[in-house]
Amino acid sequence: MNKIITLLLLSVSLQVFSQDKAEIKEFFWGKTDNFKTANTVPDKWKNESAVIIYKNEFYDYHKFGVSVTYTSAIRKRIKLLDAAAVKEFSEFSFKDKFYSNKGYSFREATNTIGVKIVKSDGKEIEIDVEKEAKVTDNEKKIAIANLEVGDVIDYYFYSVEPFKSALELGFEPVETTLGDIYPTMEMKLVFQTENDFFVNFNTYNGAPKVKEIPTKKSGERKYELEARDIEKNEFPKWFNPLAEMPCYKFQVFFARSGKFEERADAFLSKKESIIKETVSKEDIFEYYNDKFRPEGDLSTIRMFLKDKTFANDEEKIREVYYFTRHNYLTQYIEAFVADEAKIFSPYALYVDPIFFRTEREFINHFMAYLKYEKIDYDIIIGTERYNGSIDDLLIQKNVTVLLKINTPNPIYLEFFTPFTNADQFNYNLENTKAYALQVSKGKRVVDSESILLPSTTVKDNVNKEVTNLSFNEDFSGLKIKRESSLYGQFKPAEQKDKFYFFDYVYEDYDKYKSVRLLEKVKNKTKKKQYQQEFDALINKLKDRQKEEFKKNTSNEYGFEIEDHSLVIKNTGRFGSKSPMVYEEEFLIKNNLIKKAGDNYILEIGKMLTSQIEINKKEKERKNNIYMSYPRAFENEIIFDIPAGYTVSGIEKLNKKVSNETGQFISEATLNGNKLIIKTSKQYQNYFEPNSNWGKMVQFLDAAYQFTQEKILLKKA
Amino acid sequence: MKLPIKLIITLLFAAQLFAQKNVEPTVEDVKKAKTLRDAYSKDDVAILESEENISFGLNKDKSKVTVVNSINEVLMNINHRADISKYEFYDSESRIETFNLKYRNDKIANYNVVDEFYKDNDLFYNDARVKHVSFDFPVQGYTYKYEMEKKYEDVKYFTSLFFNDEFPVIKKTINISVPDWLTLELKEFNFQGNKIVKSQKKDLKTKSTVYTFVLENVPANYKEESAPGRSYLYPHILIIAKSFKENGKEITLFNSAADLYKWYKSLVDLMKDDTSVFKDKVTELTSKAKTDEEKIKNIYYWVQDNIRYIAFEDGIAGFKPDESNNVFQKRYGDCKGMANLIKQMLTLAGFDARLTWIGTKHIAYDYTTPSLAVDNHMICTLIHKGKKYFLDGTEKYNSFGHYAERIQNKEVMIEDGDKFIIEKVPAVAPGFNKEIRKMTLSIENEKLTGNVSRSYQGESAAQFLYIFNSFKNDKKNETLENYLSKSDKNINVDNIKTSDLTNRDQKLTIDYDISVANKVTGFDNDIYIDLEFMNEYKNFELKDRKTDYEFDYKTDYESTVTLAIPQGYKVTKMPQDLVVKEADFEIAITFQITGNAIVYKKSFQFKNGVIKASEMDKWNLFIKNLVNNYNQQITLSK
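Protein chains in written order, with UniProt numbering: chain A, 1 to 716; chain B, 1 to 638.
If you are wondering where the hints come from, they were derived from the structure by calculation, not from laboratory data.
Since the structure is predicted, the reported quantities are computational estimates derived from the model, not experimental observations.
For each residue, glycine too, the CB sits at the ideal point set by N, CA and C.
A few of these clues could be false.
Partial list, derived from the structure: chain B residues whose beta carbon lies under 10 Å from chain A [as the list claims (entries may be wrong)]:
1) VAL139
2) ASN306
3) PHE312
4) GLU481
5) GLN632
Excised from the complex, chain A in its bound form (with noise of 0.2 Å):
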C-alpha cells in the first residue's frame, strides 16, 4: 500500500514538474497573459533606448523529501526606441542543460527560453529557437532575426533546476533595486512555495508590500509583489542604493524538520505560512544565542604567552590577536602559493594544521581564549552599511560578527585577513547600529542589546604625503621624492593594493620566529628545487609589481612618470596607528613645467595629484551621499626654487572652505628657497544628506581648483 502511494506521488510530482515547452510558453504568453498587446509606451520615456512594458520574475519552490525542484524564471516585455537596444537585444546565449550547484544532483537541470517580436504593425514573430540555436560547447546561440528600432522584443528564460538536499539548504538571496537599466512600466514577482521551504521577503524605501495570494491547497502558498512606473537605476558616486532606492530582498530556506530549522544559516520564522519580514533583537538573540561556543586548541597561543609580560589585558589580547592572524593565517600562505604556482604540493609538511576558513571558526577560537584568560567580551551582530540598517537586517549573510573585549578601552576584534588591526575593524560597520550579545562565564550568551558601533574620525584615518620637489638640469622636468603614510581604514586596501605575499608573510615568519615552508623539506636537493623554484616565482612577481607601482602612481598624477622607484618602509601590519609608509622617487618630463619667454610656469597645485571633478551633471545630484569613513589627506609639498628666479602667485596657492561635512585648506609659505605648501583636504563623515551637497562640492571644488594653480618663476 505506501508503495502504491509513493509511486503515486511520484507520478504526480513528475507530472507537475515535468513542465514541457508548451506549458512553460502558455504561462508566459498564453490566455492569461495581460501584456500580449501592450506595445506602447509612455511620452515620458520615448527619448529612452528601451523602455520595459513588463518584468514578470517568477520563483518556485517545492519539494518531495529529499528532492527540491527550484524553479526561477524571468520574462521582459521591452520596446526598442534605437539602435542600441537592438543591438544590446540582437544575440542570446544559454546553456540549456547544466548541474545545479545546490545539494547533490543526479538530474540535469534545464533552461528554457523563448523569444518573440512583434513589429511595429503589430504582427507576431515568434523565434523558433531550436532551429535558430548555434551550439557551442555546452552553451547554445541564437541571433535574433527581423529584430529593428520600434519593435518590442518580449523573451522569457525559465529554469528548472532539481537536486536533492538531505540537509538545510539556504538558496541564494535576492538584494536589488525595483528599478533596470531601462525604466519599467510595471512589473511583478511571484512566488511559489510550500511546506518546508521559508521564506524571508519585504520590500524597502517606499517599494510595494508584498501580497499573499490564497491557494487552492493548504500548504501552498503564493505571494505577489507588483510594482509601476519606475524610473531607470541610475547609481553616482558615493552611493549605496539599498541604503535609499525603492528594493526588495529575499531569501528562501529548505529545512525539512525542526532539527534543521535550528542548523539552517537564516532567522526562520516561527512557521512556513508566515513570510519573515523583519529579524527583531529577540530573532537575534535566539538565532546566536548558541551559535557560538568557545572551543579550540589553545597550546599555541600558551606557547606563545609564556615568558612575556604586557602592560595590561589590552596589550596582551592584541599581541595575541596578531599572532593568532600569523599561526592561523599567514604561516600557511606560502604553502597556498607553492600549490598555486605548482611547485610542489606542500600540505604534507604539516602535522595538523589549523587553519581559519569561517568567521565562526575565528569567533569560537578567541572565545576559548578570552574564557581562558577570564576576559569579558560580547559578541556584536552587525551589518555592513551598504546592506541598509540592521533594523531592516533580513539575510544571515549580511551579518557580520566582531568580538568586543570589554577591557578598560574597549576592543573590536574581526575575522583575519593578513591586513587587519587589532584596534580597528571594518569601516562599513562603523557608526552603524547592531546588536551586543552578552556572555555570561565567557560562555553563554544570555543577553541582547542594541548598541552604536564606534567611529573613527579625520584624526584617524589619515593619508599623510611629503613630496619634495625640484626642476632636473635644463628644465625640461621634475624630480619628485614622495613619501606617503597611510594610517587607520586608509590602510588595509592600500596593503592588499600593493603587497604580494612576499612584502608581509616573511615579516611574520621573523617577529614569530616561525618555521619557513622550505626549512621543513628535509630532503636537500629537493629543498634546493624548491627554494629556486620559490626565488624564481618572486623574483618574476617582483618585476610585476615595479611595473604595477609606477602604473599605480601614474594613474595618481593622471600622466605618465617615468623612472620610477618604491621602497617600502613600514608595512603598519601592526596597528592602525603604526603607518604603513613607502617612498618613492620619479621624473615627470613634458607635463607641469610651461615655458613663457625666459620665465617658466609651474603647474604645481597638480602635485595634489587628480582630485574628484564634480561636473555640471554631478553637482544636480538628487541623492544622499554614502561615503565609507571619515579621512584626511594632509599633504605638504615642497619646491626647491631653482637658484636666480623669484616666484610669483603664490597667493593663489591660499585657499580656504572649511564646514561640517569637510574642509580644503592650503597654505604656502616660502621659506628660503623653498615655496612650502600644506594641504589639507577632510571628509567629516560616513554620510551626508542631500542637503549637505553643495558644501561638499564646496569643498571639492576647491581642491580641484587648487590643482589648476600655477606659480610663475622669474628669471631675476
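Given the structure of chain A, go ahead and fit chain B onto it with the hints provided.
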C-alpha cells in the same frame, strides 16, 4: 597574477606530492637562458628550435590533395619564471592528430589539454576549434618539447607558412616535401632583409623534392596596435598548389586567378535567391526617388542601416554568401550576405550590380596570387553609366561613392558571368576626410570664452556618425557634450547645434559656445595664456615601435584659434612656429598676430594614412618638439 590565497582546507591533507620532474635545467641551459634574455628582454620564453615538416598526399576517392603539417619545438624559459599556453586551431577542413608537451627527459608532461570552440567577439559563430594547454616553467633555463601534427583534407585551405611565432625562435626550419605528381608554387614574401637559407634536395626514394628554408634569430611577433597585417610584416611562404597528376591525367587546382574565380563562382551558383521577398521593399525605396542616384542611395543606405553585421563562419558558409532573401528576412548577415542583398535589391531595381571579392588593406596580396589567402571580404560593385561604384554593406554611415580606407587602392575581383573583372578601388586624397575646428575666443575674467565651429567630411564624418549613433538615445547629448569638452572640468560647452546627425551625405557640422577656465593666469602686470587645451597628438609618441602605425583613415585636421588681444595689452612673447614636412606627415603649428588678434593655427595631415616604421624616428622627434611647443605660453603685457 597576484596569487590568490586558496582557502581550501581539504587540500591541506592532500598528501600527494607532485611527480618529481627531475628535469631541472643544466648549468649550460641556465647560461643560455640568461644570454637569450639579454637579447630578447621583453620575452619570457624562446623557442630554441622549431622544425616544421610539410608533406602531401592524395585522397583518391575525393580527388583531393591532402597535407600533413608537423611541428617539433624546444621551448626554453629565459625569464625568472614563465606561465604560458600553446595552442593550435583547426576546423572542419583540418584535424589535429598529435598535440604533446614533453619534459626535457622526453616524458610526457601531463598538463590538461583543452579542446573547445574558438570564441571570437567579432564572429557570432564559427566552426574553428582550438586545442590549448597552459603550463609553467618554474625556473630560468627550464625547457619543454612540443610536438604537433595537423592534417588538412584539402590543400586549398593550407595557405601559408610563417617563420615568426609568438615567442622568438632561435632557429626555424621549414621542410616542404613536394611529390613529383604535384605542381606546387612556393611564393616567397618579405624574404628581403632576412637571411633565409634555402636549399633543395631530390628524394629518389619518395619521388619528391624537399625544399628547406632556415632562418635564425627570428624575433617574436610584434604586439603593437594599429599595425599592418602580418602578411606585410613577416617573411612567409604562400603555398599554391597548382595541379596534380592522377593516372596520367593533369587536374588543375588553383593555377591562376581564373581557377580561384571558378571555385567562388561554383559556390555562388549554389545560391537560390528568392528576390520576391523584398520586391515590395525595393518598390518602396525606389518608387518615389527622382533620380537613379537617389534609388541607389535609398537601397544602399537601407541595407547599411537595417542589416546588422553578424558573422557566421561555418564550413563552406565562410565562402558562400547567404541567400539575399534570408539576409533580408533575418535583418542580419555577414559581408557576403550584405553584398548579395545589395546586389539583388539593385538588380531588382533595374541596375547592374555584381558580387565582388576583395582583400582588405590588412592583406598584402593581390589576384596575381591564386589563393584563398588573397581575399577576406565581399562587397558589391554597381556598374552604372559606364562607371563602377563599390558598395560595402558592412560600412555604416558610408556615403555613396565614398570608400573606406580599408578597401581603397585594393584589387577587386568582380563577377562577370564565367569571366571576371579585376579592378582597383579608387583611393582618395586626405582632404576628402577633412576635419576643421574654428574657435573664436576672447578673455573674460581670466576665462577664455567664445564659440567653436567644427566640421567633418568623408571618413571623419562617417566615423563620428557611427560612434554617435551607437550611443543610447538618453545618453547621446551627454556623450556629445563630454566629447566636445573632452570631459575636462575646465571646459564648458553650451548651446550645441549640429547638422542632421543621421545624414551621411552632407557635411557634418557642430557649433557651440565654449568657456575655458584656468588657462589664463595673471602674474604681476602680465597675462599668461595657455591656448593649448586640446593637446592634439600630444601623447602620440610611438616609442620603440617596430611596425608602421596605421590610422583609421587618411587624416587631415585643421584647427584655427583666434584670440582677441584685450585692450591695453600687447603681445610680448609667443611660442615659435613648428613646421615639418615628411613623406608620411605634414604638420604646421603657427602663431600670427592679425590686427588685434592672435591667430593660432594647427594642421595635421597624414597623407598616406600611415606613419611608416622607417619614419618613426622623425615622428618621435617631431612629437618631442610638439610637446615643447605645447608647453609654451603666450605672454601679454600692458
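Determine which of the earlier numbered hints do not hold for this structure and return their numbers in increasing order.
none
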